[in-house]
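**Student:** Residue-level listing of the chains:
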Amino acid sequence: MRREPGSFRDPSGFIFERDGQLYRQINECYVETWRGVVKSGLYESLVTGGFAVAVKSAALSLKVNADAAEVIEAERLPFISYPYEWSFSRLRDAALLTINIQRKAMEFGFSLKDATAYNIQFKSGQPVHIDSLSFDRRIEGEPWIAYAQFCRHFLAPLSLQSHVSELFGLMLQSNLDGYPLPYTSSTLPARTKLNAGLLAHIHMHARASRGTSKKADSATVKISTNAMLGMLDSLEQTICGLKTPSTEGTWSRYYGQNSYDEVSFTSKKQIVSEMLAEIGVEGRSVWDLGSNTGVFSEIAAEQGALCIAWDSDPATVDAAYLRWKVEGKRIEALVQNFANPSPRIGWAGMERRSFEDRGPADVVLALALIHHLAIGNQVPFSMMAPWFATLGQDCIIEFVPKEDVQVQRLLSARVEMFSGYSEEQFLLDFGECFEVVRRVPVAGQGRVLYWMRRK
Amino acid sequence: MFSIISSLFGYIDGGSGSLIFQALLAGLFAAAFSFKSAVVRVRAMIKPKRTDVS
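These protein sequence lines are chains A and B, in that order. To convert, note that position 399 of the first sequence is 399 in my numbering; the numbers rise steadily by one, no gaps. To convert, note that position 51 of the second sequence is 1051 in my numbering; the numbers rise steadily by one, no gaps.
This is chain A alone, in the form it adopts within the complex (with noise of 0.2 Å):
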């Protein structure tokens, strides 16, 4: 048995793994109200819509511990990431499921009572719920306990995404509760200020906030039901209404402004595709390191891989995982920057699990990254190959030669400092923890792309 580490907060219960399975022990102190989410329908009306994952009766006999009064057995999704990998659009649809969920918890007389990105997660490219013990009965009058929580961990940073910059989605990892109302407020231009929405939900909410609990308890607060649903139309519109705020990456143009012709970029999509052939990806995991637009990554999953694709640039990211959603692609985009992997992080270094935690895939695509980690960010190829052995048995990695064009500007102002970047050595590196399967050249260029095995 095995106690999942980032579920230890909510005293209604807890995840927990036996035998390969993923269960949910719910605690005497709830399970009055989740049997009646159940015995209400809400549960299965969450679950049918797509909301929610899951859940089925378990036997109690496989309790953690004498608090249980009941266990469910829990979905297991096929990756879990973090509000910090997520790109701007990722998370807006995360904020927009946590509203309907909370819409549909009140016409079933129950409220969500905690409202945190983190009880979302994707399948196959569709957000969902996760947390199945966040439902409370809702009392006529009532405000949403939740409010605050939702507005630090959703709307704040996609309106600083929004109206700032994109970098502010990353730094959701050092806020692991979301930005505070009034750091928020303080950085959002002052031209938001003319937005109703963020008027209300981040700058007079930020003042409101600063309120002492003496005040709250010479009030008589209540809400109806109708202000309630007001409130939530509101947060709908005020988060719909942000923009993207980017549509063009770096990376986006990449294949348009790089040494690529058309002729080279057939031929290494035929190498790629033949070597995943050869490979066996149908139902095994690809992960497509610096996937770009995602065109390696759509081979993969064409091959019936189930294919994350991580990329630095969030704007490049976000483009991908629209792009997928309206295709059905069963691709998840993320945002990951490879020389600062997402660490461990939460309570005891245990809450949140590490880039490499998360995996290995069996699979590992790097095409046209390892010259940008080895001069953009001067990790030598002897740090690189243990790297990239824990991520994945089979690996494709593509070298880019000295004379190529991307290198040439990478060095521009530094050529001196990396003599040591060739093949020659790429090959020795990599030698002590890979086999060579193949090496093919790419066509009409000097890079060449290699088939590696971990030994």
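Hints listed in this document are in silico derivations from the structure and should not be mistaken for laboratory results. Don't take each hint at face value.
[Said to hold, decoys possible] Pairs of lysine to aspartate or glutamate, EDC-like flavour, derived with a Cα cap of 16 Å: (1) B:Lys1036 - A:Glu236; (2) A:Lys123 - A:Asp93; (3) B:Lys1036 - A:Asp233.
Please read these numbers as outputs of a predicted model, since none were measured by experiment.
Got chain A sorted already, so can you dock chain B onto it with the hints?
**Tutor:** For chain B alone, coordinates are given in the frame of chain A:
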């Protein structure tokens, strides 16, 4: 704090200022919701008539 908030969920800090803020704006949100609902109702009444005519 608020007696209407179940003590079981005291671990979530709703923020007293945030809860009061909701109450302060409740009238505005309710009015907006009622207006929107009225517009939806009126539209629903008009649309079938147009369909009948055509």
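**Student:** Each hint needs a verdict: does it hold in this structure or not?
**Tutor:** Each hint tested on the structure:
1. Of the pairs offered as hints, the one joining Lys1036 (chain B) and Glu236 (chain A) holds, with about 14 Å between alpha carbons and a cut-off of 16 Å not exceeded.
2. Of the supplied pair hints, the one linking Lys123 (chain A) and Asp93 (chain A) holds, its CA atoms being roughly 13 Å apart against a limit of 16 Å.
3. The suggested pairing of Lys1036 (chain B) with Asp233 (chain A) holds, with an alpha-carbon distance near 10 Å, which does not exceed 16 Å.
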